[in-house]
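K.L.:
Go ahead and model the full structure; you've got the sequences and the hints to work with.
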Amino acid sequence: MAEVTFTLNGERTTVDAPLNMRFLDVLRVKKNLTGQKEGCGEGECGACAILLDGHIVNSCLLPLGSVSGRDVVTIEGFKQTERFRTIQEAFVHEGAVQCGICTPGMVIAAESLLRHNPRPTDEEIRIGLSGNLCRCTGYNMIVAAVKRATKRGEGLW
Amino acid sequence: MTMRIKEDISKAIDKVDSREKIDGSAPFTADIQLEGMLHARTFRASVPKALIKDIRLPELPEGYFAVTREDIPGKNIVKMIYEDWPVFAEKEVNHIGEPILLLVGPDKEKVQDLLEAIEIDYEEKKPVFDFTESVVDFSFAKNDADTAFREAEKTIEKVYETGYQEQAYIEPQAFVGYKEGDTTTLVGSIQCPYYVKNAVMETLAAGENEVRVIQAPVGGAFGGKEEFPSLTACQLAVALQKTDRPIKLVYDREEDMEVTTKRHPAKVKMEAAIDKTGRITGMRSHVALDGGAYIGLSGVVLSRGMLAVTNAYTIENVAVKGDVFRTNTVPNGAFRGFGAPQMIFSIEMFIHHIAQDLGLDTYDFRRRHLVKQGDRTATAGLYRDPIILPEMIEKAVEMSDYHEKKKAFAESDEWKGIGMSFFFHGCGFTGSGESDIIKAQVKLRKDEEDNVHILVAAVDMGQGPKTTFRKLVAKVLDIPLEKVVFNYPDTRYVPDSGPTVASRTMMVVGGLLARAAKRLGEEWEESSEQVVVEQYKQPEYIEWDEEKMQGDAYPAYSWGVNVVEVEISKATYEPTIKNVWSVYDLGKAIDERIVLGQIEGGQVQGLAYGYQEVMGHNNGRIMQKNLTDYIIPTAVDVPKMKSLVMDNPYPLGPYGAKGVGELTLVGAAPAVALAIEDAIGRQIKKIPATPEYIMELIRNG
Amino acid sequence: MVTHHIAKDYQDALEKLSEGTYRILAGGTDLMVRNRRLSETPVPFASDVLYIHNLDELRYVSEEKGHLAIGALTSYEDLLHDERVPTVLRDCLRILASPAIRKMGTLAGNIGNASPAGDSLVVLRLLDAQCVLESKDSTRTIPYKEVVTGPGKTVIGKREIIKEIRLPEASFDKTVFWKVGGRKADAISKVAFGGAVKFSDENVADFRLSLGAVAPKTLRDEDVERGVKGKTKTEMKDSAEEIVAAYAPLVRPISDQRSNAAYRKEVALNMIRQFITSL
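Protein chains in written order, with my numbering: chain A, 1 to 157; chain B, 158 to 858; chain C, 859 to 1137.
These are computed hints drawn from the structure, not numbers from a lab. For each residue, glycine too, the CB sits at the ideal point set by N, CA and C. Any given hint could be a false lead.
What the hints assert, rightly or not - Derived DSS-like pairs (lysine-lysine); straight-line CA-CA distance at most 25 Å: (1) LYS168/B x LYS151/A; (2) LYS727/B x LYS1095/C; (3) LYS282/B x LYS210/B.
As the list claims (entries may be wrong) - If you want the ones that stay clear, here's a sample from chain C, every Cβ over 12 Å from chain B, calculated: (4) THR861; (5) GLU898; (6) ILE1000; (7) VAL1062; (8) SER1097; (9) GLU1100.
Said to hold, decoys possible - Calculated Cβ distances over 12 Å to all of chain A for the following chain B residues: (10) ASP211; (11) THR304; (12) VAL688; (13) MET780; (14) ASP786; (15) TYR787.
P.N.:
Below is the structure:
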């Protein structure tokens, strides 16, 4: 057990837990932030995705020991932003949500992509989402949603 | 904001449950935290076939307990279509991963420690992995195949093989359970609340009011949460009798992939009798399914597969036999398509190969045998409704430039190919299932504020009933969408409208809801509580003999055409799917964007079944048991897809709707296999048509 | 009783390593998978763990005399966006795993993991990379090819840490990185290929080939390469089959849950052939 301090959704947070606790569990069990999901536990499906220092990472592979001093944003924090609302409207409009289990991860992936590349091509969007598996939609409607978000969100990214 | 469904019902509206899924607040089962919750883990067999001689548990600390077959008050059998599946292994185990007992306690890590300290002595037996022990067999015939074969000018025989397919829903199996007084309540990621309730009642020897099942948001299912959750639910229900605390049971991905039901691997033998004019006059088939260790739903999967034998073609004389073989592997079960994908692959390749072997144009040959309204099905049922396949095929050909491309690719040095599949899907439960087994009932309850509550057991697992049912009822009653309520099914409040399977949800349950809504509208009394109940009645014209498998196997059929274009690398044999075009007749789209989602999702799943998803076992142990090793498509793998939905309303479906959910998967694998075949000039007899298989075909000529 | 420590800084890390035996955890993308146990439980490790992800002083890319120095913890994502990084390495990283893995993954982590299928290792071998290994009392720079000795095996000492990777200055006329996975993104390689060639007038001045996932460690054979150097471009292309035949006995892949030996072998040889004939 150790005390680890980091910024969580804009607030300085200290957690007292084993350093080898998966950060996904820190969030879901200790902080009751269940927006990030466990789909595979091995960094393959992306359902556990969060933003670490502004970039998408798989929280199931992130030990608490690596988060010390870092900046973490989860879907719960991101959803307060206008960028989120733009992405959300785009996902709704394009019918990009079916069962929804992959969706928060897709949103995080979209944000991570657009932060670094505000006007991605279709190919670049697909690569940006390549670490997020979806079994329901066949992806194209999600890609269309991200494209729409970039058009609707002029100036946001 | 009020929204009335004024326009054509197909016009898309925003799905009602998108927002809570997008922001992560929708509470999936694993997200549920309850005061004092315990964790359960399953102790499983590590060998494929053995007698259990002895089990020794470690000393269990206070608060930790085991749940075994001895704790079962009722039957140690999971109630399913065929009842041979134990809740907990009795004296023997029949597959790796078979559940033997649960360990429950407050700290999950400790529970796992205790689980790993369990000692078990097996007397191993010789496991069976080949197709020797048939446990289910069916056969049916139409007219006289023997004579057709005797008098044939030529007969052709080929064998086709299909592999496992893992549903790979992104949310693993999960349940949370708790007692409410005498009632055992289970909340879970499930497709069929009443399957679960009925199974638990039998295992607990409990009454109607003593078991309650609630559907949580489901993170993907595809059939994998149709019958399998009944097994887990029974185990959890038994555990709940030993404590007054809630219990959570969530599978890990590797556990899920190793032990839950998958699509049956199949071996399909096809034989055709051809007359002098080059017409197929007779067809014989044998369908062999690998059922795994327990039968469960395998018999129904077999029958649906067999019934798809002539697919979109009319063949005068048919004889089909099928067997489910028991092997010491994970029991196989429901997966979108349910036997049809295996057969549709086989027949589509076969009819193509027949034409090739006869030196005939494949397109013309298939068109020649195309089914028409008024024809008899493979079981001598009647195609009563209009079949618009020729028009659909023409549209698909036009969209894809099929003939031009086929010609150009044939002349090209590169390995480019284009393939087209025609297919159907029988909507609803096979045969007399709907009237004899399910007996669906729906309820509409209007409260004093004139909100109309939809009370059905149909599960929204992403395919949209939460939206489309509300849309349907709102339109029939001409009331705002907001006045229609449809909560996640809770068996305490909803009647048994049947399982969310077999592409029946809109056609059958929606159909009943539309009738109920119409009646409610006629009897409407403002500001007063009203309840309307509708019961399923089989259309009178349906005649089905279950024993002989003769007559109308399904009340309605949906149709499709898929065209796939591929390019194959000569260095690596990897296929790249360049384009997919499709045309569907599903009667009427209750929401065209939701239908588009089913089209694209189903196609991608079907394509990957055809060329990418590989799962095998080694002495009963699944070799690809995580998402690193079991390959499903990413966003980069998916090509442009263009689709067209035809208008061909089915008179007995709500606004003309027929089944959609499975149709969109069943044609994709043969389409991509035919495209690959076209590209490399070799007959594909096996899926998945992986680069390894393609290389083998090229090398071995 | 296994203990876990976050290194305070680089010196602290070296200090700790001199005092005990640690599993060094950088990005964690391999270690957290290999050691994982169960959801909602801490990941068990067999030995004490030293977390070094926070050591920003090990994140740098700098042009030094004769080589590019890459700090051990520089993420794949950062390398991808740095134009000083050789094209062939960026080509490899662009299609390696996923954006999330690329943010946490490091060359050092990949070297420490020493997987036969490691994609970046194919490029390190191709470019004659050097590894700077440091301990509290020592520093040594050895060629990467001597660092990984087999699957999961390296010569990195108990007290040592990878400090830096050095890519010798080199210019090529053409470099390629190709891989075959089970799908078009986010896939472990069935076969990976790195090729580099430089011509001097019409003659082959430098010719390098490395292969991943077809042998216990990255495959490269300087003897075969020497046989190609000095040929003219035309001679090289004309002798493509001979060159392929020279590699054939060295390519010894296995069959596993991802693919089979015959396929891996044929594809590897095809890639060699394709590289040569496309020049």
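K.L.:
Each hint needs a verdict: does it hold in this structure or not?
P.N.:
Taking the hints in turn, this is what the structure says about them:
1. LYS168/B x LYS151/A: holds, 24 Å
2. LYS727/B x LYS1095/C: Distance ~18 Å between LYS727/B and LYS1095/C Cα, so the pair holds.
3. LYS282/B x LYS210/B: Holds: LYS282/B and LYS210/B sit about 12 Å apart, inside 25 Å.
4. THR861: holds, 17 Å
5. GLU898: Violated, since 5 Å does not exceed 12 Å.
6. ILE1000: holds, 31 Å
7. VAL1062: holds, 22 Å
8. SER1097: Given a closest Cβ separation of 19 Å, the condition holds.
9. GLU1100: Fine: 19 Å to the nearest Cβ keeps GLU1100/C off the interface.
10. ASP211: holds, 33 Å
11. THR304: holds, 46 Å
12. VAL688: Given a closest Cβ separation of 31 Å, the condition holds.
13. MET780: For MET780/B, whose nearest Cβ neighbour in chain A is about 16 Å away, the distance exceeds 12 Å, so it holds.
14. ASP786: violated, 9 Å
15. TYR787: Since the minimum Cβ distance to chain A is about 10 Å, TYR787/B lies within 12 Å and the statement is violated.
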